[in-house]
Amino acid sequence: MPKITFPARFELLDEIRDLVAHTARDGGFTEKDIYSLQLAADEAASNIIEHAYLGVADASIDISCDMQSDIIVITMHDTGQSFDPAKVKKPNLEADLSDRQIGGLGIYLMRKLMDEVSYESNLTGNLLTMTKRRR
Amino acid sequence: MEITTQEFKHCDLIKVKGRVDSATAPDFSKALEKANNDGHFKIAVDMSELEYMSSAGFRALLATQRNCKKLNRGELVLVSISDRIREALELAGFTELFKTFDNTVDAVGSF
Numbered sequence: 160m161p162k163i164t165f166p167a168r169f170e171l172l173d174e175i176r177d178l179v180a181h182t183a184r185d186g187g188f189t190e191k192d193i194y195s196l197q198l199a200a201d202e203a204a205s206n207i208i209e210h211a212y213l214g215v216a217d218a219s220i221d222i223s224c225d226m227q228s229d230i231i232v233i234t235m236h237d238t239g240q241s242f243d244p245a246k247v248k249k250p251n252l253e254a255d256l257s258d259r260q261i262g263g264l265g266i267y268l269m270r271k272l273m274d275e276v277s278y279e280s281n282l283t284g285n286l287l288t289m290t291k292r293r294r
Numbered sequence: 527m528e529i530t531t532q533e534f535k536h537c538d539l540i541k542v543k544g545r546v547d548s549a550t551a552p553d554f555s556k557a558l559e560k561a562n563n564d565g566h567f568k569i570a571v572d573m574s575e576l577e578y579m580s581s582a583g584f585r586a587l588l589a590t591q592r593n594c595k596k597l598n599r600g601e602l603v604l605v606s607i608s609d610r611i612r613e614a615l616e617l618a619g620f621t622e623l624f625k626t627f628d629n630t631v632d633a634v635g636s637f
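Those sequence lines, one after another, are chains U and G. All residue numbers in the first sequence are consecutive under the numbering used here, ending with 294. All residue numbers in the second sequence are consecutive under the numbering used here, ending with 637.
Hints should not be assumed to be uniformly reliable.
Computed footprint of chain G on chain U; a stretch qualifies when at least three of its residues, placed anywhere within it, have a C-beta under 8 Å from a C-beta of chain G [what the hints assert, rightly or not]:
1. 169-177
2. 196-202
3. 205-213
4. 224-232
5. 266-277
Please keep in mind that the hints were generated in silico from the structure rather than gathered at the bench. We put the beta carbon where it would ideally sit given N, CA and C, even for glycine.
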């Protein structure tokens, strides 16, 4: 799977969303699903930049985005701090305004927008894999 | 992203165009905070030309809504939300935290 290395900066989110949209459009996804895929990829990359690479200069993210039959597979590899998304508490979407927490919302959206989200960490870094089937 | 603020007698109308993500959300927050710092707590956010908003933008809206509603001094309402952005806001459980309007006339008139 070809990988593209992006500098881990928020200014590159536009290009990451464009890469995902391009693959998804070629893969026959609807515009509604393309928006969902872009949002999920944006939230994933934003989390890596904001949390995994907190305070790290010159960091980068290796991203691949491909169709495997009718499934889009997006991977993001980083070498920052690992974290287990399974341990991130689901935000309370029923809480009223004053108790509403914004933390964890990105991961929650990724899970809702994609069919599957998986995460592995080892000595070479962290690998996030997200998939969604074309409907 | 491009932001324009129009001050009306009863509220501020803040129009945000383009894309709000982690790169641009800080400037969106600043525009909202500026209104609050000027003592304006009744705010309508015009999203008619907004193409995209991630949770970074939702966070800015939530923080401002909290500040506006404090002491019952006002509130932030959303205007002309596209279907895509509305779906994401719904998924995040945000739609019940904001009144929404189909056009700026109704939104500005609601204050």
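Quick rundown of the hints versus the structure:
1. 169-177: Coverage by chain G holds here, the residue count being 5 at a Cβ distance below 8 Å.
2. 196-202: holds (count 4)
3. 205-213: With 3 residues in contact (Cβ-Cβ under 8 Å with chain G), the coverage given for the stretch 205-213 of chain U holds.
4. 224-232: Coverage by chain G is violated for the stretch 224-232 of chain U (0 residues, Cβ < 8 Å).
5. 266-277: holds (count 4)
Going down the numbered hints, you'll see the structure goes against just number 4.
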